[in-house]
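Starting from the known structure of chain P, fit chain U onto it as the hints suggest.
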Amino acid sequence: MTATPPPLARGLADLVGESHVRTAAAERATYARDGLPIHRRVPGVVVLPGTRDELIAVVRLLAAHGVPFVPRGAGTGLSGGALADERAVLVVLTRLARILRIDPVNRVAVVEPGVVNARLSTAAAPHGLRYAPDPSSQTACTLGGNVAENSGGPHCLKYGVTANHVLALEVVLATGAVVELGSPGGEPWGPDLVGLFVGSEGNFGIATRITVRLQPVPPAVLTLLADFGSVRTAGEAVSAVIASGIVPAALEMMDQSCIRAVEDSVYAAGYPRDAAAVLLVELDGSSEGAVREDAGSVEQLLRAHGARSVRSAADPRERERLWQGRKKAFGALGRLDRDLLVQDAVVPRSTLPDVLETIGRIAATYQLVVSNVFHAGDGNLHPNISFDARVPGLRARVEAASGEIMRACIAAGGTITGEHGIGLDKLGYMPLIFDPDSLAAMRALRRVFDPEERVNPGKVIPVHACREWVGAGTRNAERGTRNESSRLRSDFRVPTSALET
Amino acid sequence: MSLLDRVRALLGSDALLESAGPDGVPRVAPDSPDAVALLLGTAREEGWRVRIEGAGTWMPSDAPCDLALTTRRLDHVPAIEPQDLSATAEAGIGFDLLRHQLADRGVWLAIDPPGLGGRSVGSVIATATAGPLRQGFGPVRDHLLGVTFVTGDGRIVQSGGRVMKNVAGYDLTKLEAGGFGAFGVIVLVHLRLRALPRVDQTLVLEGSRDDLTQVADDIAAAGLTPAALELVSPALARRERWVLAVRVAGSAALVAGDEAGLRAATGGRLTPLRSEEAHLFWTRAAEGIAARPVAFRIGGLPDSSDELLDLLQHQVGDEWIAASPGVGALRWAGETTVDRLRRLRRTLAGLEVPLTLERAPWPVRSAVGHFGAYREGVGPLVAGLRRTFDPGEAFVVAVEGSE
Chain P
1 MTATPPPLAR GLADLVGESH VRTAAAERAT YARDGLPIHR RVPGVVVLPG TRDELIAVVR
61 LLAAHGVPFV PRGAGTGLSG GALADERAVL VVLTRLARIL RIDPVNRVAV VEPGVVNARL
121 STAAAPHGLR YAPDPSSQTA CTLGGNVAEN SGGPHCLKYG VTANHVLALE VVLATGAVVE
181 LGSPGGEPWG PDLVGLFVGS EGNFGIATRI TVRLQPVPPA VLTLLADFGS VRTAGEAVSA
241 VIASGIVPAA LEMMDQSCIR AVEDSVYAAG YPRDAAAVLL VELDGSSEGA VREDAGSVEQ
301 LLRAHGARSV RSAADPRERE RLWQGRKKAF GALGRLDRDL LVQDAVVPRS TLPDVLETIG
361 RIAATYQLVV SNVFHAGDGN LHPNISFDAR VPGLRARVEA ASGEIMRACI AAGGTITGEH
421 GIGLDKLGYM PLIFDPDSLA AMRALRRVFD PEERVNPGKV IPVHACREWV GAGTRNAERG
481 TRNESSRLRS DFRVPTSALE T
Chain U
502 MSLLDRVRAL LGSDALLESA GPDGVPRVAP DSPDAVALLL GTAREEGWRV RIEGAGTWMP
562 SDAPCDLALT TRRLDHVPAI EPQDLSATAE AGIGFDLLRH QLADRGVWLA IDPPGLGGRS
622 VGSVIATATA GPLRQGFGPV RDHLLGVTFV TGDGRIVQSG GRVMKNVAGY DLTKLEAGGF
682 GAFGVIVLVH LRLRALPRVD QTLVLEGSRD DLTQVADDIA AAGLTPAALE LVSPALARRE
742 RWVLAVRVAG SAALVAGDEA GLRAATGGRL TPLRSEEAHL FWTRAAEGIA ARPVAFRIGG
802 LPDSSDELLD LLQHQVGDEW IAASPGVGAL RWAGETTVDR LRRLRRTLAG LEVPLTLERA
862 PWPVRSAVGH FGAYREGVGP LVAGLRRTFD PGEAFVVAVE GSE
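As you go down the protein sequences, you meet chains P and U in turn.
So the first sequence is numbered by the working numbering: it starts at 1 and just counts up by one.
So the second sequence is numbered by the working numbering: it starts at 502 and just counts up by one.
Hints were generated in silico from the structure; no laboratory data involved.
Each residue gets a CB set at the ideal place from its N, CA and C atoms; glycine is no exception.
Be careful, since some hints might not be right.
[Claimed, not checked] A few chain P residues that face chain U, going by a derived Cβ cut-off under 8 angstroms, partial list only:
1. E149
2. L181
3. G186
4. W189
5. P191
6. I242
7. G285
8. G289
9. A290
10. N380
11. I416
12. T417
13. G421
14. I433
15. R446
[Said to hold, decoys possible] Taking CB as the label site, the calculated pair distances span:
16. R699(U) - R40(P): 48 to 54 angstroms
17. A389(P) - D605(U): 30 to 36 angstroms
18. G66(P) - L598(U): 52 to 58 angstroms
19. Q814(U) - E18(P): 57 to 63 angstroms
20. D435(P) - R841(U): 42 to 48 angstroms
Okay, chain P solo, but in the shape it has when bound (with noise of 0.2 angstroms):
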């Protein structure tokens, strides 16, 4: 029984055809997780847009009716943040997946925010170009997913993330509003809009046309393996890269459980399995006799700080096959037991080895098994947790560590997320992080666009935290109430802890 009106239902359904929407309760369940799949939580309505046009009208419908939305892409995130409840409705945006245009003059492309992240490297390679940011899920995770998420990926250590690429942006607001910010060029029209677009979590509206920079395709490639005897070395070896002034275009590490995860997979690299850890390191340039020399010193710098052996990939089939093993290393991991929590954190990178050895006496402790996987070059850790939820008793005690782990890494200078985003899962460990004046900053920008707080509610901003804010959109934040005002009609329930789903 879906608790969202029937004739919302039928509205939708005049909008985008009866096929586009889905009411029953197993359809709707199919939509229940995302990629990370502790959160589980049951659409009201699903509804899938075909076209732009399609879609400013159902934000216009649920605009009209007050009701709440959730917008999603391949649903391929790890924060929970692509989850709506009963109470509403799930615009999936994979319909929307044309490539508009590639002007490789320019090296700029206009695509529909459902085009999966690596078809447009695919369909702008014939022009010698490719879009930079490569989350590992890139084969199936789409552009307006990365946008909303602000996505990583390997090669973002020398490239970038994705609010370094997106130029302009058109939105539709929750009121239906469509807005167009940035400029083809980059300018913005006034202040930043799109860089404040970029990373919202989705909360600040959806976007149906991104205009994205493309690079070009390096012509030389090298990537180099190394693997090490422990896993301090590997992270001291990896500051001595950072600070040697070589900027590899990735840097990434496994330490030994990820490795024999991966290696007892179909995703077998040829990582040697004895290793604590080993370091994936690739470097490119406009010429292969500068990257082979950059190589060379890069090969030293690890060899001094411990590396054990290096060695470099003898031909693109072995480069990819390393990459692969990189890419899939979270699937490789659910091998390891019934349950993965993954986890993403951001530390100073100076304090890698110190913090891999505070995680692993952690997870010593609460007696779990902890891989590592992580963009090491960013100092971006993803500790992932295995484990069996049926457990009695377990998942508290994962839940305990996970905590601890986060606490260790703010403790470190870091930040409780670099790529994954806050969604519901980290809204917890917000006040950790900001004030409560800094969270009613955030809370206040996202009332400039969406004042009812209609986009995928409950998420991000964890409200109870945040203090008054007296400007536009006054409301007694403290106890978390919302204004009469701007009560919604549907009344969705805005989870105050992380644990709380």
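Same frame as chain P, now just chain U:
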């Protein structure tokens, strides 16, 4: 109690600078973010209008106000972390001073803003005035890991952090970079650094604008991505003819590779400058912009650079221009009128090219506005942002013009 007495009581006599602004307005220099917050909270209560100043070398100190808040005593550098390639600096420190402190530690902030070296870091960020290095290292916002700012009603807000990647919460850093102080006073910044390049080489070619534009196109078409690729007008370059300046920086191997690529793409026409010559060239070009009363930037697509240069030449002249054709960015400086600027902005808007007024005397910037000719739906959002972050309209900033 007079405004001066109130300020003394709040912040102590040291905060009230002896030298008032040119217009006789009291100049207040808080020495901490808390002091800035106290001052602005009081300004909100009292209805004072506040002008934000840095070192006073970029934006003219002429906006009408009750007091000028200068960040010049916020000049500390709490942290430089070469191992992490990050630094934390207060907003009032001079850009050159910071650059020297960073260089002493072997690191580099890859921003080369127009203006004098004494410009404050906060000024560079608030106006988002990137220089030629935007070609290779991106706009100003790409160098920010986080900011702390104080809103118009005296709240201290933190955004971002000091790590390389961060998606915790909404990115208010983006609101402050290029916000011209309309949404808060930047008091502290966390910066993304790079290791000092082992080799930093500038190569130049003099010629006609058309010829140099073609050479720039050839470089881009070869897939080369130098640190800077700048087309500089004769007056700005202090040369007889237009100059195309190309800067390559990085490891010795990388620079050698790029130089080989440049030779191939240009037929070896570029001439390398000695280190001191290169320094002088870039410094003169940066300072030349600040020598003119008005400066603005426009951003189009790379293949429109030539057309945009023609348009500028026709409407406002092309004596003082620096263009980055590889990224479609263009900066103009000179003397012009309100009407001409308005007309130019309207024309450019029709081409989907925004014009951002970077500096001008108050009568010009209040009439033209830093921003204008918004695309659909942008105006209400900007107004909402102003109401949210400066609810009492304390900040005297010409966000939009009076047209």
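task = Sort out which numbered hints this structure fails and list those numbers smallest first.
result = 17
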